[in-house]
Amino acid sequence: MSFETILIANRGEIACRIIRTAKAMGYRTVAVYTGPDEGAPHVLAADAAVHIGAAMAYLDGARIIDAALRLGAGAVHPGYGFLSENAGFARACRDAGLVFIGPGPEAIALMGSKAEAKRVVELAGVPCLPGYAGSDQSNAVLLAEGARVGFPLMVKAAMGGGGKGMRLVREEGALAEALERARSEAVKAFGDGTLILERALEAPRHVEIQVLADGQGNVLHLGERDCSVQRRHQKVVEEAPSPSVDGALRPVMGAAAVQAARACGYVGAGTVEFLLDGDGFHFLEMNTRLQVEHPVTEAVTGIDLVEWQIRVAQGEALPWRQDEITLSGHAIEVRLYAEDPAQGFLPQTGRLLRWRPASRVRVDHGLAEGQVIGAEYDPMLAKLIAHGPDRDTARQRLIRGLEETEVLGLRTNKAFLVNLLRDEGFAGGETTTAFLEREFAGDASLAPAAPRGEVLALAAFIFAARRGGASDPGHPRFGWGNGPRPVVRFRLTDGGAVHEVVVTFRRGVAGLELVHDGGLLEAVTLEQGLCRYRSGGGDGSLVFAFDGDVLHLEGLALRDVTHAPAEAADTRGEAALRAPMAGTVISVAVVPGDAVEKGQVLAVLEAMKMEHPLRAGVAGRVGAVSVAVGGQVKARQVLLEIEGDEE
Amino acid sequence: MGILTSQIEEEAFALNAARMGEAVAEFRAVETQVEAAAEAQRERYAKRKMLLPRERLALLLDPGAPFMELCALAGYMRYGDRDGTGAGAGAIAGIGWVSGVRCVVVVDNFAVKGGTVTPDGLAKKLRLQEVARENRLPLVSLSQSGGANLSYAHEVFIPGGRGFANQARLSALGIPQITVVHGSATAGGAYQPGLSDYTIMVRGQATMYLAGPPLLKAATGEVATDEELGGAEMHCTVAGTGDYLAENDADGIRLAREVMAALPWRDAVPPAPAREFVPPLYPASDLMGIVPADARQPYDCREILARLADGSVFLEFKPEYDAQTICGHMKVEGLACAVIGNNGPITAQGAAKAGQFIQLCDQGNVPILFLHNTTGFLVGTEPERAGIIKHGSKMIQAVANARVPKISIVVGGSYGAGNYAMCGRGFDPRFIFSWPNSRTSVMGGAQAGKVLRIVTEAKMRAAGAVDAAKLDALESGTAQMLEAQTTALMSSARLEDDGIIDPRDTRDVLAMVLNICREAEVRTLQGNTFGVARL
Numbered sequence: 001m002s003f004e005t006i007l008i009a010n011r012g013e014i015a016c017r018i019i020r021t022a023k024a025m026g027y028r029t030v031a032v033y034t035g036p037d038e039g040a041p042h043v044l045a046a047d048a049a050v051h052i053g054a055a056m057a058y059l060d061g062a063r064i065i066d067a068a069l070r071l072g073a074g075a076v077h078p079g080y081g082f083l084s085e086n087a088g089f090a091r092a093c094r095d096a097g098l099v100f101i102g103p104g105p106e107a108i109a110l111m112g113s114k115a116e117a118k119r120v121v122e123l124a125g126v127p128c129l130p131g132y133a134g135s136d137q138s139n140a141v142l143l144a145e146g147a148r149v150g151f152p153l154m155v156k157a158a159m160g161g162g163g164k165g166m167r168l169v170r171e172e173g174a175l176a177e178a179l180e181r182a183r184s185e186a187v188k189a190f191g192d193g194t195l196i197l198e199r200a201l202e203a204p205r206h207v208e209i210q211v212l213a214d215g216q217g218n219v220l221h222l223g224e225r226d227c228s229v230q231r232r233h234q235k236v237v238e239e240a241p242s243p244s245v246d247g248a249l250r251p252v253m254g255a256a257a258v259q260a261a262r263a264c265g266y267v268g269a270g271t272v273e274f275l276l277d278g279d280g281f282h283f284l285e286m287n288t289r290l291q292v293e294h295p296v297t298e299a300v301t302g303i304d305l306v307e308w309q310i311r312v313a314q315g316e317a318l319p320w321r322q323d324e325i326t327l328s329g330h331a332i333e334v335r336l337y338a339e340d341p342a343q344g345f346l347p348q349t350g351r352l353l354r355w356r357p358a359s360r361v362r363v364d365h366g367l368a369e370g371q372v373i374g375a376e377y378d379p380m381l382a383k384l385i386a387h388g389p390d391r392d393t394a395r396q397r398l399i400r401g402l403e404e405t406e407v408l409g410l411r412t413n414k415a416f417l418v419n420l421l422r423d424e425g426f427a428g429g430e431t432t433t434a435f436l437e438r439e440f441a442g443d444a445s446l447a448p449a450a451p452r453g454e455v456l457a458l459a460a461f462i463f464a465a466r467r468g469g470a471s472d473p474g475h476p477r478f479g480w481g482n483g484p485r486p487v488v489r490f491r492l493t494d495g496g497a498v499h500e501v502v503v504t505f506r507r508g509v510a511g512l513e514l515v516h517d518g519g520l521l522e523a524v525t526l527e528q529g530l531c532r533y534r535s536g537g538g539d540g541s542l543v544f545a546f547d548g549d550v551l552h553l554e555g556l557a558l559r560d561v562t563h564a565p566a567e568a569a570d571t572r573g574e575a576a577l578r579a580p581m582a583g584t585v586i587s588v589a590v591v592p593g594d595a596v597e598k599g600q601v602l603a604v605l606e607a608m609k610m611e612h613p614l615r616a617g618v619a620g621r622v623g624a625v626s627v628a629v630g631g632q633v634k635a636r637q638v639l640l641e642i643e644g645d646e647e
Numbered sequence: 001m002g003i004l005t006s007q008i009e010e011e012a013f014a015l016n017a018a019r020m021g022e023a024v025a026e027f028r029a030v031e032t033q034v035e036a037a038a039e040a041q042r043e044r045y046a047k048r049k050m051l052l053p054r055e056r057l058a059l060l061l062d063p064g065a066p067f068m069e070l071c072a073l074a075g076y077m078r079y080g081d082r083d084g085t086g087a088g089a090g091a092i093a094g095i096g097w098v099s100g101v102r103c104v105v106v107v108d109n110f111a112v113k114g115g116t117v118t119p120d121g122l123a124k125k126l127r128l129q130e131v132a133r134e135n136r137l138p139l140v141s142l143s144q145s146g147g148a149n150l151s152y153a154h155e156v157f158i159p160g161g162r163g164f165a166n167q168a169r170l171s172a173l174g175i176p177q178i179t180v181v182h183g184s185a186t187a188g189g190a191y192q193p194g195l196s197d198y199t200i201m202v203r204g205q206a207t208m209y210l211a212g213p214p215l216l217k218a219a220t221g222e223v224a225t226d227e228e229l230g231g232a233e234m235h236c237t238v239a240g241t242g243d244y245l246a247e248n249d250a251d252g253i254r255l256a257r258e259v260m261a262a263l264p265w266r267d268a269v270p271p272a273p274a275r276e277f278v279p280p281l282y283p284a285s286d287l288m289g290i291v292p293a294d295a296r297q298p299y300d301c302r303e304i305l306a307r308l309a310d311g312s313v314f315l316e317f318k319p320e321y322d323a324q325t326i327c328g329h330m331k332v333e334g335l336a337c338a339v340i341g342n343n344g345p346i347t348a349q350g351a352a353k354a355g356q357f358i359q360l361c362d363q364g365n366v367p368i369l370f371l372h373n374t375t376g377f378l379v380g381t382e383p384e385r386a387g388i389i390k391h392g393s394k395m396i397q398a399v400a401n402a403r404v405p406k407i408s409i410v411v412g413g414s415y416g417a418g419n420y421a422m423c424g425r426g427f428d429p430r431f432i433f434s435w436p437n438s439r440t441s442v443m444g445g446a447q448a449g450k451v452l453r454i455v456t457e458a459k460m461r462a463a464g465a466v467d468a469a470k471l472d473a474l475e476s477g478t479a480q481m482l483e484a485q486t487t488a489l490m491s492s493a494r495l496e497d498d499g500i501i502d503p504r505d506t507r508d509v510l511a512m513v514l515n516i517c518r519e520a521e522v523r524t525l526q527g528n529t530f531g532v533a534r535l
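Residue numbers (our numbering), protein chains in the order written: chain F, 1 to 647; chain H, 1 to 535.
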């Protein structure tokens, strides 16, 4: 073996996942971490860890290499994102005598440019979308080429990736402006304004092929993944195999992918992405790294991709022939994000008060309860992957897995994912890349909704029970009375609106009952962090956690303001300015008729050797002024009147 | 240990339960009627930005914590109440939890009959003060008085003073009184918050003055507005009568809760040891069917005990010595409780047994539960020769002087001296509750009718002419009148008990009361000489 220790140049779930396989294989593992990730699960999972700097240090190749050398690592696994597709970093590792677990820098550089990539794969006979990827970047040529390619077309940054730096142009007249915009964005984002043009497809499916190549010239494909469900070109759901790829198409696409990999001398695990429509499949780009969604391929092939990345990096040969690679069953993955779908998927931050991943599906995460999720990194929290003998079984298992996963402390896209998996269109396997923007655009999870009455009633119960003692639901007389039960008007705020919920607690035949405006909840019980109940719709449960006085439920954080202090007298202050104590008026700043604002100094009183500014209690106009400078006044004596503004 | 077994006959049970059900429904209907009368005022008070009395109560109490209402039927059909909405006598009161502290809570029911005070309303307030004093419970009042009902002012005036004296003495004992003034507190009414230890006044609503503007003008010629004369702001900023200024009803209640939470009241009681207990072997619902529909039918009071005692365990005392008066020990939620019950009239032996048993309870510091179901002491030459007056007197002495808490629940009849011996109201039990079928009276109606008939017949004979029809009318009229006046409802209306309870609530009421008694006993108070003076 040429290396015994692997440094994982990444964080979060992928770092944990790589460490897991590396350790199982007997390797020593080294993690790197930044300030925000101190004490994070991936740091604790490794055998050793190095602090490499502030938040962006995962992009600091030099420090990472330095850490690897200092800790005796012989190889570096870059994960995905960060430096995984940075040819310079791959080269620097090689130069430092470290094995870079991935393809060579030349392959990375080649496939890193969309222009270069298209040229090379087209030569290799891989079907491509009509387009232009030439080096002549003058507007004249681009406009002409655009006309040739036809509309609609995509203007893309050649050095872009991850769905960024793309522009859809529907008709010729809009092309010129699109070119200007795309070019300036590309320069800003990727430091390179090179553009390519590509015919755009109407609602295609996104199907990618996983390839695996060793150093001995063997290149295999491990079947496809369908990632059509995307939001603004960001993948949301991935599955293997694709409902649109049958036994006849698979080998053809697979062979094309293998061709693409060979064309750049690829070694290691990689993914060739295609767009699929009625006319066939077309090359999109190649990702020269392990993808986020690799677990679905692992589920249907039984092959641990990270294991084989490491073995290939050690110089091992792939032990299978292409016909020995079989796909069994169906797997689906969803990405759980700290985002609020009801607020345009706004990234969320907060402390993870509860994290209990489901036990019956694969959950890849790098989380621990109590962890603070900040805004420094990608908001993906975890991946949930379910496998089954058929697509629908996998789908049902994934829904269950999501429902069983408890996450409290910040909003997530969990409800959105569940609705998506339940959607008829998705269940039927007919989703294209237009699905989320078209068919699913009206889903309930995408709009803010007021909390349900039932949830508010249970929240009220949880708040009430917190006091303990006679208010502990376990007390023999909680909810008991010998007369009419008090009807309590709770006020709960979610930080924006105040929600009123009227609740009566009482004892019923089956246990505790909550009566609220919307109905009746029976057999209500409370355990640590879990509230169970029975309502018309069957048995239910609510997971909760307190963070100080804030009650966190899934997707909702509430504070009990039932007994919040009242607004002081409609914030209407006194319209008469009174002397707070006996003293001498040493200055008067206004005359009758002056307009004054609330809080404005109107006069100054000298008393007890101090000067006291006297301020207007309301906005308005000065009416009568009853004192002059030098006047002696008694306590509470009216000095002047303010006629309040008409409201 | 004696585990009670039950012998219930199904058919009779169903009949009894139906009868008891009717009795429960009757008093519940009265409660509902009072609720409705208050609810009818909702809009009117909403316009004035006021919460209704039950809403104030709900906001004051810790949500979900138990609330034992007291004297809910006081004043029913008395002092000018023609429709029954006078039940409660102008206040909703009981024992509940405020900021984790168990206390007596009194909320003026201004939404019914303007919340004016009748003699029953005053008597209820005096009773609640006694509950606070005896059981060492803070007293929280949400006041909004309509003043004395002027038709009965002459009956309220003198006893009213006692209420103020009680306030001063509670304060001196070290039992805090917190009052929120939600509305008017005029003349005598001003002294209730004035004598409270913590007074919260609601801006723009509370008015406190010895004489209001009209009376003032008449008396001295001075002209003043409500606010100038006695508004919340004036009292809080100038006079210093008010201690906290609240913006509205809810704010006042919030302040009351905060004051309660600020006091280390619970620290003065050592935490109770955790008590494991087994619930009764028979369900509480059985209590509905134990008492026979026909009140003249006897039954075994141990059937009741089997549904009250932990594990239905009852150690009977001297069971072989007189079978009519039942004495023994049980536990309720782990708390020791002695019981005296009636399976028949009290005999000389029974009185002696009970007298001895009460002394033992006094020695052992065991609270005593009296389950009343007696026609009284046995009459006749044999009992007289056996010295029943002597033995009965012993029992009464024991009841009167026993220093342990005495709790009475009237589950059947409580007649004549039997009421006294069983610690009726006149003997100041710590708490006394009635089942809706119960009857408390000097004697039964039929008996009274007969006695009057015999006496009148003798008079008529002496005068020469016996009018049988008149005698019939006299007998039945007397019987009916007494019967009507001595139902549980009418008795409770006269505050002869602390409330009528549904039999199924009996064990919970008992547990709550025993806990209250235990805490009262171990609580150390920090008294002072004259009560806290608002200087």
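It is worth saying that the hints were derived from the structure and are not from the lab. Using N, Cα and C, we set each Cβ at its ideal position, and we do this for glycine too. Among the hints, a few may not be true.
Sample of chain F residues with no beta-carbon within 12 Å of chain H, all distances over it, derived [as the list claims (entries may be wrong)]:
id: 1; residue: Cys128
id: 2; residue: Asp547
id: 3; residue: Glu567
Below, in silico cross-link-like pairs of lysine-lysine (DSS-like), each with a Cα-Cα straight-line distance of 30 Å or less [said to hold, decoys possible]:
id: 4; chain 1: H; residue 1: Lys49; chain 2: F; residue 2: Lys598
id: 5; chain 1: F; residue 1: Lys609; chain 2: F; residue 2: Lys634
id: 6; chain 1: H; residue 1: Lys49; chain 2: F; residue 2: Lys634
Against the structure shown, which of the earlier numbered hints fail to hold, in ascending order? 3, 6
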